[in-house]
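Okay, here's what each chain looks like letter by letter:
Number of protein chains: 2
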Amino acid sequence: MANSQYSADLDKNAANYSPLSPLTFIERAAAVYPERCALVYNNSRRSWRETYRRSCRFASALRQHGVTKDDTVAVMLPNVPAMYETHFAVPMAGAIIHALNIRLDPDAIAFQLEHSGARVLLTDPEYATAVAAALEQLDDKPLVIDVDDPAFKDGERIGDFEYEDFLATGDAEFAWELPHDEWQAIALGYTSGTTGNPKGVVTHHRGAYLNAVSNILAWNMGTHPVYLWTLPMFHCNGWCFPWTIAALNGTSVCLRDVRDSAIFDAIRQNRVTHLCGAPIVLNLMANAGDELTKVVDRPINVMTAGAAPPPAVLEAMARLNFNVTHTYGLTEVYGPAVVCSWHEDWDQLPMRDQSQLKARQGVRYPMLEELIVADPETLEPVPKDGKTIGEIMFRGNIVMKGYLKNPEATAQAFGGGYFHSGDLAVCHPDGYIEIKDRAKDVIISGGENISSIEVEATLYSHPAVLEAAVTAMPDEKWGETPCAFVDLRSDAGAINEQELIDFCRDNMAHFKAPRRVVFGPLPKTSTGKIRKFELRERAGRL
Amino acid sequence: MANSQYSADLDKNAANYSPLSPLTFIERAAAVYPERCALVYNNSRRSWRETYRRSCRFASALRQHGVTKDDTVAVMLPNVPAMYETHFAVPMAGAIIHALNIRLDPDAIAFQLEHSGARVLLTDPEYATAVAAALEQLDDKPLVIDVDDPAFKDGERIGDFEYEDFLATGDAEFAWELPHDEWQAIALGYTSGTTGNPKGVVTHHRGAYLNAVSNILAWNMGTHPVYLWTLPMFHCNGWCFPWTIAALNGTSVCLRDVRDSAIFDAIRQNRVTHLCGAPIVLNLMANAGDELTKVVDRPINVMTAGAAPPPAVLEAMARLNFNVTHTYGLTEVYGPAVVCSWHEDWDQLPMRDQSQLKARQGVRYPMLEELIVADPETLEPVPKDGKTIGEIMFRGNIVMKGYLKNPEATAQAFGGGYFHSGDLAVCHPDGYIEIKDRAKDVIISGGENISSIEVEATLYSHPAVLEAAVTAMPDEKWGETPCAFVDLRSDAGAINEQELIDFCRDNMAHFKAPRRVVFGPLPKTSTGKIRKFELRERAGRL
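So the sequence lines, in the order shown, correspond to chains A and B. Under this note's numbering, think of the first position of the first sequence as 4, with each following residue one higher. Under this note's numbering, think of the first position of the second sequence as 4, with each following residue one higher.
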């Protein structure tokens, strides 16, 4: 149809087409609100003008040290201002942000740096030992920049430059350019991968722009939020929030350590309006004690994702004046891409019913084009009956480009034209989806599927339970049966295995109740997820 | 760089790329909030599910009557529900919305229908006489559909179908598709053009999507707004607000006639949160009288554009509890594309200073990539001194594709890679732009440029003045001098020409004061703009 009257002589040109990029957000924030506070860290504050100029300087310094389009800049930093600046400076230089989980061991660091081909690595003295050990494994070492933090006393410098010295080599007037193509890569993030080597998820400018805005719509955010960084920026680029906060000309409150006292101090000092975190962070906050939590004197918006927040945690958060929005996503979809979008009439329901509705993952993000729960082979959507289990699949602009240097894994993930999440869910009659399990976490007992999440939710509703995880345990008769791993509250009274099993049998179908309960702290991944694969192994040896 | 590791095997596919289109907004609104009210008109209400299904049915009916990709569907309707549905149904059918100004005369209607090649025309019995006369001029007549309105008693049907009957021929389950390419045209709107034939501005799905969202960010809109349609939907597709309200799952309150009593009745009955209008609508509201305005018992957000609102009008609106946001744009940039983004510390200033700050056009819309005030020849930006005049130019994704079947005008408008607005402005030290005049409205007196807008603002500050317009008047000695046309308030006391001239001389440089003042109602275009070209002619004959 190129000869349609609506196409002829109506082509793209410099005046009417521009690649979408979140870099336009910081440029506008600095132009329109130059004096507004962009970054707070302990007692220091920086304006949008300063933050923008420092980012330009950083980009310029990278260019002067040979970084160019499609190069990789790795960063292993806590939530300090330099980590925020990285999210603008690296793409300004045309390069790709490769954020490393700060809890990785030397082998994992070395694998990622080698696989991504990082030209530069920013790191923090706290991680010097692990990073130095990783660097020893590399033939081709990146330029290493230490980001010194006056708030951290120990650790050592291992780099070629200190960050501020490196910035001093750059030009604050650096004339950065938008990417030539909005499909250009902006970030690389490795999945935590419980088996085998992690896969490198590549995202692009267009998707980062759209999901940054989609966060605003999904969370009903207003202009100038004060956002507390309880969510690691290394995790899916902080779910795109560095760019979201720039788009809203807001303030980022940095936080080196996610401890309860540090969180509530920051809330008190900065009139925080928004924060994000995995349910484990919510749990930490809900259990912080009155002395700390009393500073929450107005509603604060909390977004959670990573696992369904147990109803008991949601209820505790509501009592503390936190307004929790539940989202769901994966690294492959830029962080959150599904939201439990609230309905006003649900406010009238009993708290327990509200929490159950809120524990559902929900509906597609405003800028995700399609979300289905379907048979992974036929791609046939399951009926909206709240019962039939299928795989969650995504389609749209906030789905990754693919996995770096891994065309097989990319092709497999995109089979049939949908991104396959590996998560199993049902679709309720109102169209809201609810995760029942990771594909590999389903327990098949006597031919019946048991959702480990359902058993966990029952355990969480017991007042003595702080954390719970349920996995399959081999069983001669049934094939598999549920095994529970439980960490009790410090103030819980005495409770034994049989009492907890009986509690479950009283509150769910008997065949779903765990046959064994193991007490003790739960092992976690570096992103705070419970290491279920390790528990599965332990259950196999019981 | 196609062989970069970030490009290889990382192409677009059905899973990770989708054309941007505002059609995704209504599909999501109907899926997530099916029972919420989408449309109110007098005493009838329709949910998002109904509105979506009716739009699908309408699209299906269009297809069944031969409408296909890149066909034109014209519509000449007031702000009734069918006009809202048109904004979804027509692009669902792959076609282009061509909205006609309801005040056009038969010749202008005939010109536009012939130029656009409209296959279908929707119209209202109120305009039957003008439309019938226009149709007589056409060799190739469109299919005509009357949208009968129980709220309008007179007029006659001239169509082949009545709208509801036409919808009945369609299928509510119609499987519409997104455009293959987001650059595909979505709408056509003719500029009012004071001389020569009007030009047809062609916009696309990508831009409509982005400006619909940009409205949300620029206006700090929350979810579920109740939006009163005081702005004609035929005007730049209602500044993209039909799509904005769908994206926010809000409610559109339709309004056939923009009269003060109808506006305030609708506000009272529907807890309106937002409305838009030209300054002339603000003036109407500000002068409605206590009996009507007393229903405004909480702040209501008002967006205005089309001309700078005089400070006196802004102050009156503020007193009535209307929170006015001033924007600026043109049909060529999808409606508003510049916003006077507010700063909290301005709230502390005297009301008069606030109004003067707010009367400035401001800064680029969040999703407009570039806005400059520059020399139209060299494209050199003017200094940010608040004095040097240049032309306002735009660059980015919310700039039109170009003018329909008019490559010369398109090339001229995009000269140098910027869209040239024809509006003259200064840039203040804080980066906010302020329009000084249309290029042709500047008065050159003794070699000095006089901004007609500045003289008008002075006149508006006189309590007796309801409306004012200033144009050049030929003068043997000075070349040109300012001539004022003034409509006085009905309750204004006696005031004569000399008194008004003296008032101006007391409040601005003497050479800028008008030499003549002509009293009486001002002529307006069909979009409510003052017909300055007509006043210029009158001034030439004085």
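No wet-lab data here; the hints were simulated from the structure. Warning: the hint list may mix true and false statements.
One copy or two, either will do: identical chains are not told apart, so a pair holds if it fits within one copy or between any two.
Computed cross-link-like contacts, EDC-like style, restricted to lysine to aspartate or glutamate with a CA-CA straight-line distance of at most 20 Å [claimed, not checked]:
| hint | residue 1 | residue 2 |
| --- | --- | --- |
| 1 | Lys15 | Glu411 |
| 2 | Lys156 | Asp478 |
| 3 | Lys408 | Asp12 |
| 4 | Lys15 | Asp73 |
| 5 | Lys15 | Asp184 |
| 6 | Lys72 | Asp12 |
Please read all numbers here as calculations on a predicted model, not as lab measurements.
Results for each hint:
no.: 1; hint: Lys15 x Glu411; verdict: between (35 Å within a copy, 16 Å between copies)
no.: 2; hint: Lys156 x Asp478; verdict: neither (52 Å within a copy, 79 Å between copies)
no.: 3; hint: Lys408 x Asp12; verdict: between (40 Å within a copy, 8 Å between copies)
no.: 4; hint: Lys15 x Asp73; verdict: between (25 Å within a copy, 18 Å between copies)
no.: 5; hint: Lys15 x Asp184; verdict: both (13 Å within a copy, 13 Å between copies)
no.: 6; hint: Lys72 x Asp12; verdict: between (32 Å within a copy, 18 Å between copies)
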